[in-house]
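Student: Residue strings, one per chain:
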Amino acid sequence: MAISRAVSLGTAVLALLPMLWTSGCSKAGESAVSAAEDGGPQSISVFAMDTYMQLTAYDGQKSAALSQAKDEVERLEKLWSVTDEGSEIYRLDHSGGEPAEISDETAELIAFGMELNELTGGAFDISLYPVLSEWGFTNGDYKIPSEERLSELLKNVDSSRIELSGNAAVLPDGMSIDLGALGKGETGDRITEIFRANGVSSALLDLGGNIQVIGSKPDGSPWKIGIKSPWGEGSVAKLEVRDCCVITSGGYERFFEGGDGEIYWHILDPKTGYPAKNGILSATVIGKSGRLCDGLSTSLFVLGEEGAKKLWRERGDFDMILITEDGRLIMTEGIAGEVSLYEEFSGLETEVMSRD
Amino acid sequence: MINRKLLLSAVIIMFIVSGAATAYMYLRPHGRTVEIESGGRILYTIDLDREKDREIVIEYEGRKNTVVISSGDICVREADCPDHVCIRTGWLSKAGGPIVCLPNRLVIRYKEGGGLDAAAG
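First to last, the sequence lines map onto chains A and V. Per the working numbering, the very first residue in the first sequence carries number 1; after that it's consecutive. Per the working numbering, the very first residue in the second sequence carries number 357; after that it's consecutive.
Source of the hints: derived by calculation from the structure; they are not laboratory data. Here the structure is a predicted model, which means the values were calculated and not measured. Think of the CB as a built atom: it goes at the ideal place given N, C-alpha and C, for glycine as much as any other residue. Please note that a few of the clues may not be correct.
[Stated by the list, open to error] Residues of chain V clear of chain A, computed beta-carbon distances all greater than 10 Å: (1) T389; (2) I425; (3) E434; (4) I443; (5) K450.
[Unchecked claim] Derived DSSO-like pairs (lysine-lysine); straight-line CA-CA distance at most 27 Å: (6) A:K217 with A:K70; (7) A:K310 with A:K277; (8) A:K217 with V:K420; (9) V:K361 with A:K70; (10) A:K238 with V:K467; (11) V:K450 with A:K217; (12) V:K467 with V:K420; (13) V:K450 with A:K238; (14) A:K143 with V:K420.
Here chain V stands alone, though its shape is the one from the complex:
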């Protein structure tokens, strides 16, 4: 009988744990996943809510962009392209468009859009 009680409590604990896991999977924040595409290929898929602060150097035909992830935000910090539009775009924003470096064929965008479908400008 003691054995049975033990088993039952084990079963209840398993219910609670797996229930919590299910709830977490459903309820955790979504849509903070970004894709870094270079030359038409997706090089990185990054969940900004989990990623550690770091720098990623991306090379395209010998030219480089330095991508920075800091406290859950992402931007291009350095680039050897002529116009630096990618740097000026600043941090990737849900309410803005993707970060694009045309000369180096680099795109950083949210995998799923936020509240907006697109941004004009």
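The following block holds chain A by itself, in its conformation from the complex:
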């Protein structure tokens, strides 16, 4: 009897083992989290440059990379903020036509903005800020400006009139610039450099919907990036990429409905001062340089389908995905193989552009 009791007890203990495993599960989960601090990914999130940024590093000197990246974001924001009285852009915008001293990185980004202005035949312009502000897109106080007011403001929109030599810049009196359409892309490029210098070879940067990835996922597979739907929630397509930037501009990101029932969005045509309505709902640019992708996504949206296609044929340094008002998804050959449509959007007509 004593023996059988011992056997029963032993069996009972054995029976309880799975329960121990079950509770052991959450233990394992906890240690996975703490292990994540040494071995797994590390992330930070930052509210800066008018967006919400999430940076995740999967290897290398993660803590150092992330804290240096955060410092860099904050430094660049101080340099380029349009509203912070201490920023270089604020000083330049209030220089009353007098020369102003700017740092190398500011000078370089202004020069890049001017190049893009020329490249796009004026579809991209960093001096559009006063018009954007008049519509209320900078503070959410939306209104439809009068035509007189717009044509008055447009007189001072033309970034090719900026004089730049070394670290001195002269803005014509009455002109104001804003690097907002390039700043996030440039910041992503700088964070990428910082990450690489810290031995990070796998990382995901989400700068308010501007996606820049380093390497591939830790398991070697490509990053899966959604292209947000311009019609509502979710994504239209999934894109599989390594080592590149995926940057989208769309009217759906910020808009208001006017008293006339019309939708007015924040991407303005520098030629008219009105929202750019050229048949495109969203323009995504995929490439190696964040600032180029950032500036081009806005430019392609403004240029419209034909202009965008022409620019793509002239250049060899980017791929694009355009979603049009009439329900087409146009993609270039370099990226088409990596794009898969979600089932809800399988009705979209797809078009692949090739170079010849």
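With the hints as your guide, set chain V onto chain A.
Tutor: Only chain V this time, still in chain A's reference frame:
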């Protein structure tokens, strides 16, 4: 002997119950847990598959966002921010980005990503 049989069946039942519990822990749907962050602090961690329908009002520097959980989905229904981007984002989607209200420093996001690592736009 009867006692022993009883014990044995009790043991077998315990095996089955704990085995089922283990299987449930492993197999139940994961990744429907969302975090609500305000002003840099995570205020709520919510499992959408278990949460009852309810409204949560979140205040940041005197401004409010009303978050609604309904049939396992979450969105911002009302907000006293100027641009209402958070409301327009609609229901939080695995295939989209987080819901963000910049002026009120509010972020609603999935704790673990779904099929996507991020969304552009």
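Student: Can you give the numbers of the hints that this structure goes against, from lowest to highest?
Tutor: 5, 8, 9
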